[in-house]
Structure formats: C-alpha cells, structure tokens
Amino acid sequence: MEIGEIYDVVFSTGRYEIEYENCVKCIKKTPKSYRVEREDGTTRLVGQDSILELKKLSKFT
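Residue 64 in my numbering sits at position 54 of the sequence shown, and the numbers go up by one each step.
Hints were generated in silico from the structure; no laboratory data involved.
In the DSS-like style, the derived pairs of lysine-lysine whose C-alpha atoms are separated by at most 30 Å in a straight line are:
1) K39 x K65
2) K35 x K66
3) K38 x K66
4) K65 x K35
5) K66 x K42
6) K66 x K39
7) K65 x K38
8) K65 x K42
Here are the computed distance ranges between Cβ atoms for each label pair:
9) R48 x S68: 15 to 23 Å
10) R25 x S68: 33 to 41 Å
11) Y26 x S68: 28 to 36 Å
In this text the structure is predicted, and so the values were computed from the model without any measurement. Heads up, the beta-carbon is just placed ideally off N, CA and C, and yes, glycines get one too.
Using the sequences provided together with the hints, build the complete structure.
What follows is the structure in structure tokens.
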C-alpha cells in the first residue's frame, strides 16, 4: 500500500473471519501494519500479513 492512495482491502481478522474495507485511504505505514481511513473519517489498523486481496482504486471513481 502507498500512503495517500485509495484501496479496497480484504483481510483476515481471525482464524475463520474475513473482513472487507472498501474505498479506504492509507494514511500511515509501519513495519507490520497499515493505518487506513474510511470515508466517514474513522480509522482502522490492518496487519500487512493478514491482507488477502488488495485492489488500488482510481482517485476519479
């Protein structure tokens, strides 16, 4: 993930749990995780090793 870019992310949160975050912007990158911001302004921490699918979106969609 690149800081300032918008993504759709699919990641695992537990052994059998998968979560989806659509149209989130990467705002911080650490060695093991990313901090993403949702459209409503809330943030979420996503571990780098838990990402199953990552799709970069155009800023104009």
